[in-house]
Amino acid sequence: MLFACGLLLGGPAFAQEERCEDAPPLPADAPVQAGPPADAPLNEETVREDASRKRFHPWLAVGEITAINLFVWTWDRVLANKEWARVGPDSWKENLNTGFVWDADGFLTNQFAHPYHGSLYFTAARDNGVPYLATLPFTLFGSAQWELFAENEPPSVNDLLNTSVGGMAMGEALYRLSSLVLDTEARGGERFVRELTAAAMSPVRGFNRVVRGDVTRQEPTPTEWRPRDLSIWGTVGYLKLGDGQPLPWGEDQFFLQVALRYGDMYQGDLHQPFDAFDARVQFTTTESSLISHSKLQGLIAKSSLWSTEKDELRLGFLQQISHVDTQAYELGGQSLEFGLLHERQFSARSKLRTALLVDGSLITGISSEHSGKANRDYDYGPGLGLNLQLAYLRGAWEVLTLEAGTSHIMVLDGSKGSHQVFTGHLQADIPVFEHVGLGTELNWFHRHSRFDTYPDVLKEAYQLRIFVSVHY
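Position 151 (the sequence shown) corresponds to 151 in full-length UniProt numbering; numbering is contiguous.
There's no promise every hint is true.
Stated by the list, open to error - Below are the DSS-like pairs computed for lysine-lysine, each with C-alpha atoms no more than 30 angstroms apart in a straight line: (1) Lys82 - Lys373; (2) Lys295 - Lys240; (3) Lys82 - Lys240.
In short, the hints are calculated from the structure, not lab data.
All chains, full assembly: derive it from the sequences and hints.
Written out as C-alpha cells, the structure reads:
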C-alpha cells in the first residue's frame, strides 16, 4: 500500500528542483554545511572529497533488521493479539526441525505485502552503506529470522523469496521516491511536511534521518536525488472485464491507475541499479484486493551496442516485480530480464522505444483450478518467457503502447503440471488539452494449463478500458 502511496505522493507537489523562492534567508552567522546528507547517494566525486563517506556498517544493518522484526512482532502479538505470533522455544525448535514449506496465504499478501515487508529490511541495509546487489543477504536474513522465530506456523519458502528479492526492488524504488520529496534546504512547515511524507514512503529511512539529526540539518540537496528525466501520470475511467465470455456480458468496473517513469532506460546514463525504472499501481472497484495490479521494472546494468545521432541500442539487465489479482485471473512474481533496448528518434519530440527481453522468473504465482491447497487458488513455480514492449512517444507522453508476452511456468507447489501463458496489451492515449488526454486500452490473457492427473484447462480473459489521463 505504501508503494502505491509513494507513486501518489512523490510527484508534482514535492519534486521541485530548486529551493522555494519565498523561503526565508539563512541568518548571516548560520553555519554552512559543506557535505551532503548522510543518506545521499555515494559517488566517486563525493568519496574523493570526503573519505569519511566510505561508510559500511553491516552489523548496524543487522541490528536494525532485528529491531524491525521485534517491533512488528510486538505489534502483532501484543496489540493485534494474533494467534500465530504466540512463539517461544518450542515453536522455534519445531520450525527449525520442519524446515521451509509452501504456504496458502492470499495472493496479494504473498505477492505485494511480503515484498513491502522486505523493503524495510532492504532500507536498513541501504541506509548503512550496503550496495544494491549486496543487500540480498540482509533481506534473506530478515525474512528467515521472521519466518523461523516470529511465527508459530511453518516457515514459508515462497515468503522467503518474495520478501527478499521483491523487497530489494520495492525498497529501492520507495527510497528514490522519498528522495524526490525531500528538500534539505527547506525550512519550517514545508520542511516538516516533506520529511513526514518521505518517512511515510520509506519508514526506516525516516527513522534513521531523525536519529542522525538529518531532519533539521540545513545543507544542499544532493543532485542525485533529482533524476534528469521524470514523468508521472494517472488514468481514471471505466473498464469491462470479460472472464471467459464476450465483453458485452462482462463485469462493469471503474479504475484508477498511477504510473511513473524515473530516469531513462533507453538513453540515460546508469551509475547505480535503478537509476532508471518504471512503476505503476492500479485500484479497481468490485475486486477483492485493494490493489488489483502493480508492476515495477528497474534497470540493473546496461551495455551500449550501437549509438548514432538518432539511434541507441543497448543490452539491458533488469529486475521486475509484478502482480495481477482480479476476478478473472491471478498472475505475478519475481523475475530477472535480459535483452535489447532500442530507441529511434524521429524528430525533436517524436521517438519509438522497443524492448525485447528474455524473462527468467524466480517464482511465479498463477491461478489454477487444482492448486492442492485448501485456501489457495494458485500454483507456484519458476518460469521462462519472452516479452516485447513498444512505445511511441511525443515528448514524454506515451501516445501508443503495445506489449506482448509469453511464458512457460513449471509447477513446484500446487497442481502437478505446467502453465503456458500469453498476454497482450494495446493502448492509445491521445493528448487533448495541455496535460489532459483521452484513451482506450485492450488487454488479453490466455492460459493453457496441462495437469498430470486432470484434464487440460484453457482460460481466457479480456479487458476493455476507456479513460481520462492527466500527465505531469
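Status of the hints after comparison with the structure:
For the proposed pair Lys82 and Lys373, the alpha carbon gap of about 22 angstroms is at most 30 angstroms, so the pair holds. About 21 angstroms separates the Cα atoms of Lys295 and Lys240, which keeps this hinted pair within 30 angstroms; it holds. A distance of roughly 39 angstroms separates the Cα atoms of Lys82 and Lys240; the hinted pair therefore is violated under the 30 angstroms criterion.
The structure shown violates just one earlier hint, number 3.
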